[in-house]
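Student: Just so you know, the protein sequences line up as chains A and B, in that order.
All letters in the first sequence, in the order written, are residues 1 to 233 by my numbering.
All letters in the second sequence, in the order written, are residues 1 to 113 by my numbering.
Because the hints were derived from the structure by calculation, they are not lab data.
Treat the numbers as computed from the prediction; the structure is a model and nothing was measured.
One should not assume that every hint holds.
Once the Cα atoms are required to be at most 20 Å apart in a straight line, the calculated SDA-like pairs of lysine to any residue come out as [what the hints assert, rightly or not]: (1) A:K16 <-> B:Q85; (2) A:K12 <-> B:V8; (3) A:K202 <-> A:E52; (4) A:K16 <-> B:L4; (5) A:K12 <-> B:V62; (6) A:K202 <-> A:H217; (7) A:K16 <-> A:K154; (8) A:K16 <-> B:E64; (9) A:K12 <-> B:V66; (10) A:K154 <-> B:Q85.
Some chain A residues judged to face chain B by a derived CB distance under 7 Å, without partners named [claimed, not checked]: (11) V7; (12) E9; (13) V14; (14) V106; (15) G109; (16) V123; (17) C128; (18) A189; (19) R191; (20) Q195; (21) L197.
Computed footprint of chain A on chain B; a stretch qualifies when at least three of its residues, placed anywhere within it, have a C-beta under 8 Å from a C-beta of chain A [as the list claims (entries may be wrong)]: (22) 44–56; (23) 80–93.
Virtual Cβ for every residue (Gly too), placed ideally from N, Cα, C.
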Amino acid sequence: MSQTPRVVEVRKNVLKQNDILARALRDRFREAGVFVVNVVSSPGAGKTTLLEHTLTDLQSRYRTASVVGDLATENDARRLARSGALVEQITTGTVCHLDATMIERVIDGWDLTDLDFLFIENVGNLVCPASYDLGENLRFVLMSVTEGEDKPLKYPTIFNSADVAVITKADIADAVEFDWETACNNIQAVRPGMQTLRVSAKTGAGMPDYVGVVESHRSQMRDTTLAPSPARA
Amino acid sequence: MHELSIAVSLIELAEEEAERIEGRVCAVHLELGALSGVVKEALLFAYEIACADTPLEGSQLVIEIVPAVVYCPECDGNRPLESVQLFLCPECGTPTPMVVQGKEIQMVALEVE
């Protein structure tokens, strides 16, 4: 005789393991005094180029490192290593995002107290990385002027989960008739109050301001115990 | 397409619970937030594939979408978002980034035999 199914209540967060690990990573980073930025964007928005310039600039004054996620190649890691920063590649195979386990594994054996900044270049993808906390202090979302002003409306979840928006490739904005006002309004619609920066890593325009923002966020962390942003908590 | 990773984690969680309560799972109930970044249809599809050759094979995934709710500092209260493309209080129009509900990827119940 078949039994009637009974319903058992079990409240469990499916990404609990990732969240627990991310919290532990965040604690380790804080204790070591290293400031961690998770950089997310679509493929080709300019994460690697921006990070190359960021690392090169910061490297003269700080101890920096970078972890780069990529599906198949190690090209990005080779580019970033030219800055002189410590760079590790995570090749994810078919996995479309980085998770906290991958970060924990790649930094195994590192002396985090030797670092001031760690930049994590996520896999180019505006969907999946939104769900995975990596223990970072700040999440930067990049969008390039060639992608269109409505990118934030198409991918509200990842824009909402980020702390700072960086619009890249500003040097070709006019050529592609990029509408700055609309783009900024769209960012504000999905993440009110988000700080938005304009840069061209190629020409250097906006880079001093951008680097200044990165540095000031780190100083703030050192002054206070940084909690995750309200949007991500 | 991280729905397959999510499906695998969900199945592992459900298996653990099923072992604890000593039952065969015939359905898994999941709450999925409108801002979870997970697509319901893709997860349903991935679930069926990920269930193969596990004790949950043949079980059903039942997904309930949880609407996005924000805290409005002006009204000092929680308000449902009318659109995930516009983070405004639906009552007073104040912009707010403070999400209080809608990011869930939560297993809430199992139907067991």
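Student: Checking against the hints above, which ones are violated?
Tutor: Numbers 1, 6, 7, 14, 15, 16, 20, 21 and 22 - these are the hints that the structure violates, sorted from lowest upward.
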